[in-house]
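Protein chains: 4
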Amino acid sequence: MIRIGVIGYGYWGPNIVRNFNSADGSKVVAVCDLSEDKAKRAGKAYRDIRVTTSVDELITAPDVDAVAVITPVFTHFELAKKALSAGKHVFVEKPFTYRSDEAKELLDLAEKKRLKVMVDHTFLFTGAVIKIKQLVNDGTLGDLYYFDSMRVNLGLFQHDVSVIWDLAPHDLSIMDYLVDDKPTGVAATGEAHFNHGLEDVAYITVYFPKNVIAHFNVNWLSPVKVRTTLIGGQKKMLVWNDLDPDDKIKVYDKGVDVANAEGVYNLLVSYRSGDMWAPKVSQTEALKLEAEHFIDCVTNNKTPINDGTSGLRVVQILEAAEKSVKQKGAMIPL
Amino acid sequence: MIRIGVIGYGYWGPNIVRNFNSADGSKVVAVCDLSEDKAKRAGKAYRDIRVTTSVDELITAPDVDAVAVITPVFTHFELAKKALSAGKHVFVEKPFTYRSDEAKELLDLAEKKRLKVMVDHTFLFTGAVIKIKQLVNDGTLGDLYYFDSMRVNLGLFQHDVSVIWDLAPHDLSIMDYLVDDKPTGVAATGEAHFNHGLEDVAYITVYFPKNVIAHFNVNWLSPVKVRTTLIGGQKKMLVWNDLDPDDKIKVYDKGVDVANAEGVYNLLVSYRSGDMWAPKVSQTEALKLEAEHFIDCVTNNKTPINDGTSGLRVVQILEAAEKSVKQKGAMIPL
Amino acid sequence: MIRIGVIGYGYWGPNIVRNFNSADGSKVVAVCDLSEDKAKRAGKAYRDIRVTTSVDELITAPDVDAVAVITPVFTHFELAKKALSAGKHVFVEKPFTYRSDEAKELLDLAEKKRLKVMVDHTFLFTGAVIKIKQLVNDGTLGDLYYFDSMRVNLGLFQHDVSVIWDLAPHDLSIMDYLVDDKPTGVAATGEAHFNHGLEDVAYITVYFPKNVIAHFNVNWLSPVKVRTTLIGGQKKMLVWNDLDPDDKIKVYDKGVDVANAEGVYNLLVSYRSGDMWAPKVSQTEALKLEAEHFIDCVTNNKTPINDGTSGLRVVQILEAAEKSVKQKGAMIPL
Amino acid sequence: MIRIGVIGYGYWGPNIVRNFNSADGSKVVAVCDLSEDKAKRAGKAYRDIRVTTSVDELITAPDVDAVAVITPVFTHFELAKKALSAGKHVFVEKPFTYRSDEAKELLDLAEKKRLKVMVDHTFLFTGAVIKIKQLVNDGTLGDLYYFDSMRVNLGLFQHDVSVIWDLAPHDLSIMDYLVDDKPTGVAATGEAHFNHGLEDVAYITVYFPKNVIAHFNVNWLSPVKVRTTLIGGQKKMLVWNDLDPDDKIKVYDKGVDVANAEGVYNLLVSYRSGDMWAPKVSQTEALKLEAEHFIDCVTNNKTPINDGTSGLRVVQILEAAEKSVKQKGAMIPL
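So the protein sequences, as listed, match chains A, B, C and D.
If you want my numbering, it's the 1-based position in the first sequence plus 44.
If you want my numbering, it's the 1-based position in the second sequence plus 44.
If you want my numbering, it's the 1-based position in the third sequence plus 44.
If you want my numbering, it's the 1-based position in the fourth sequence plus 44.
So here's chain A without its partners, still in its complex pose (with noise of 0.2 Å):
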């Protein structure tokens, strides 16, 4: 039985409280927050759970074997690293940090003291992403063309980061898990329209070492929602509406066959277009699974899918994304 300690206790805690506290192999047996208020309500919800305002409280006490840290991203890094000095494994909200050097900082610490860090990219647990990971390495789709998402709506606002560090890390932490080879460079564009100065409208592009290419488009400014995702492969094509309560793949047997290629303009460019076919998903919450493999990951001493290492992937090209944005676009190597 792993127990659990959870600092912070906003929007998205609860649901790390109630996934933990109710998965099979763990339970919460600590929640802080700074604010009294939310702490109690923390306390209410769970009357066998001990609440406190006081994180180093929560981090030394003997009976937490595990912290999760679901806080702002800037304190992301102390509140772990108390943690991991603590003894503590670690499951850390995403991004995992706001620069790429304390990531490393707390992915040796882990190492050396042999402790686990998980980030929660969450998004890897849907069933969405569960059986397009299974299409990619089952070579359903065959080699990848192009990973090309779009992530917008009317947004919250957030007063410390901006979009690229709000809503990229979902997409990013998918490719990174779908896409085999990594990244080579980062270029990205955007612009704020309010006067903190954050973008609100960015769009970045990640190369890799082949002609594989990824493009990420993140807008708080946009009167529709859309969450959708085109992955392009060499023998299939898919698209994914997270938003379409039904059919949230379409897997196209639609392609372009070379057939032969003496010179340019014999090239000989051919269409492919057959069925579609919409694979079911599962709707297992994601956190509920995330939890699990948490868990499993302590006990069995294994390596999380969504590891410290994959949250410094995630952080390196959102730090790049940022720079390349400042430079305009130049690309930023990776």
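Simulated from the structure, these hints should not be mistaken for lab results.
The reader is advised that the hints may include incorrect statements.
Remember, identical chains collapse to one label, so a pair may be satisfied in a single copy or spanning two.
Unchecked claim - Distance condition first, Cα-Cα at most 35 Å in a straight line; then the derived DSBU-like pairs of lysine-lysine: (1) K84 x K71; (2) K148 x K177; (3) K324 x K82; (4) K254 x K346; (5) K346 x K226; (6) K125 x K157; (7) K370 x K279; (8) K370 x K148; (9) K177 x K157; (10) K148 x K254; (11) K226 x K367.
Starting from the known structure of chain A, fit chains B, C and D onto it as the hints suggest.
Chains B, C and D in isolation, oriented as in the chain A frame:
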């Protein structure tokens, strides 16, 4: 009565012939295609129209007042130059030319000869764009924040130009028409997946003086066809889905109100969310209106909304985008 | 403060308890369920609420002012009668009763006792129906021509009632609320495909005095979920798609103008086709508004919009529909 | 080479002429329209085709092997009878005739004269219906439960027939083709809202021997165009949305499994919910395939899938529906 000679009777030429022939104020007197088969097809469809395989014969014919150049982009400059030199007005398929200095030379020549140049930015004459232009001009949208278009499908591969030159001219000409400010720079990324080395996937950002930003997603490898543009304004936001048979334009009374902003953390952002409104959009064939506009401009010595200067601006962006792609996203000033 | 006793804590009961408990002006004092498990679950969720498995105990409790009957339809009559006899106001799940003479008896009893009866036609309190009612009342739609609803999905099979009694009450209560005239007859068809003999597919036509017609398509065997109602009026027409998360109601400025009509062949019909408009619809939980309406009616002696009389009218149509189905569609006068 | 004479060159006639003229194995030799203008238009479009305003001249011409009757329904009987009497095969626009005894007389005459009668049930030759027929025949759907079609829009008002005769023939002919059993009765309701007294909204139920049921929703007063058919089978269920440009047919692996049924309350119903599959549907013009089928049937003495007998069955249902509407829904046996 403007007498038109049309060069090129391939995919698009027949539409040009049909519209200029049936418009009040113009008629097609001659059609030229290098392919004898295509020239014959024109002759069969229109018994009263002279057909030829000789460009020079058509261009120098004394009964031709204006020449329509509906041929591959690489030939535009030479053909338009011949026509202008022969004292004919010209109507040129988009993109205007393959290089911007060619476009400039044509504009100089036309000015010297006091002849009209119109570039076939057909979309400016669709009911949808006419309506959007009106909503921009009458202040309904307020100051523009961004213009974000997506034009993807399993494409007709071109052997001679990349997806940028094939698909982006449509949206660039529309942006050029809607946004009053002139763009300051272009950053683009893209990738080629087949061995002729021409990009089949590309992402183009266009910067404007203030904080207006435009983005173009063009892709020949998409399993689904998408023709959607988001336009965000200070007062209202708009979605144009050109594939929606009924409600192509939806105007949302949604937006962000920034009340007060004493420092970043006091920024008071509130969201408006009101009615949606889909104005009726005219169904008149765009090419019919464009032909009438050409006749009007030639007859009454007016400047076309899609004159050579707008054609030049589009070519400059295409050129810059191509250059930026080669530099992996670095911004090319305009 | 209206003190509520709730009978039935199955699928819908918890929502009733939650809303009556949190509404200003009411609180739930007791919950009864014949199943000890369910009663216990209520007790666990609400520590301050008395739970019991005895209907009589709840109904006769002196601290209960009103009883909510959230049980299978066959039990409504007996339970509501007991409650009214004990001097309690009643809130009854839809459909009101299984037979119309039962409904009438309850209405007589309530009148004699000067007690309120409200039937849980929840949909009348949704943002969508509130908006449509307003559009009907303010003359936006003009005289109504037809009301055509489709409510289909792969359904929860009921063991005790057909799809007519399960799904149609929603739409019948909405129609009853929107159409001022009272229906004159019902013709219905349907079929049962499983051996319990209860219809799983049914089609109901409701006739009105003039030439207004209503139709209801209900089906438990549909692979897709559809919740769509078309309402045709002389001035405007409306589509209500309850599954559209953003634009549930679309009002079309479309219609038919009949100019002159001297004899059949001189009938001059012209079509209007104008803008579409999607008014913003309130997101407030319907049950919250319904609870407040109940409190208001009891406190201030008002007649609920969803009073027992409207419940009776719905039951009369259901009864007639059931009879008509047995007669293969023959119209049953109301 | 079958030589065709076409009577009627209004809305649909030009499509018939074009397809029979370009099909291998047939050519159009003469076109007749009572309107001199329309006859002239045919002559202008096809210089090699004889045009006339005399029906008798066309029908008795010795170089005409078959007559296509593309005129209002009231004239079908007389014209087809003349053509058959003159020894010509006939191709008749749908619906076959306005009365079923007329249809029977034509069938008798055709049989006596050993001539072919084909009714223009064009939809049977669309890629969608061809695919659905295949899915029914190969057992993919399993035993059919229901056929439920909706065909509504702001309609072309007809001056001579109701919406039943205008829109329902399409879907009735499709149902007749897909469902093996023969219908046993019809119950229909509807309403006329304009003073020519012809229904503009109607609902038709068709009963079959076992518990198969079909329903048709036809409406000339809908603000939106809908062309959707649900087909429920024991094994799979299907949605055909004819307005979807990409995925017209979606086959759902959804259904109900009834495990055991000892008495009503022990009925064990379980639901299957699996993948969805959208088979590719041929885009070949239906009328082209229909023309080829006509040629094949005449040349090789085969029975058309859309022969006069199927035309008669559709007319019988239309007749019964009209009768049932007058009786407010009473079932008319077939």
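Verification of the hints:
When the C-alpha separation of K84 and K71 is checked against a cutoff of 35 Å, the pair qualifies both within a copy, at 19 Å, and between copies, at 24 Å. Taking the shortest alpha-carbon separations for K148 and K177, only the intra-copy value of 27 Å comes in at or below 35 Å, while the best inter-copy value is 51 Å. Proximity of K324 to K82 under the C-alpha cut-off of 35 Å is restricted to the inter-copy arrangement: shortest distance 33 Å between copies versus 39 Å within a copy. Only within a single protomer do K254 and K346 lie at most 35 Å apart by alpha-carbon distance; the minimum there is 31 Å, versus 51 Å between protomers.
Taking CA atoms no more than 35 Å apart as the test, K346 paired with K226 passes inside one copy only; the shortest distance there is 22 Å, against 56 Å between copies. With identical chains, the CA atoms of K125 and K157 are at most 35 Å apart within one copy only, with a shortest distance of 11 Å there and 70 Å across copies. Taking the closest pair of Cα atoms, K370 and K279 come within 35 Å of each other only across two copies (28 Å); inside a single copy the shortest separation is 38 Å, beyond that limit. Taking the closest pair of Cα atoms, K370 and K148 come within 35 Å of each other both inside a single copy (24 Å) and across two copies (33 Å).
Taking identical chains as interchangeable, the C-alpha atoms of K177 and K157 lie at most 35 Å apart only when both belong to the same chain, with a minimum of 31 Å there against 63 Å between chains. For the homomeric pair K148 and K254, the shortest alpha-carbon distance inside one copy (27 Å) is at most 35 Å, but the shortest distance between copies (38 Å) is not. In this assembly of identical chains, K226 and K367 lie within 35 Å of each other by CA distance both inside one copy and across copies; the values are 19 Å within and 26 Å between.
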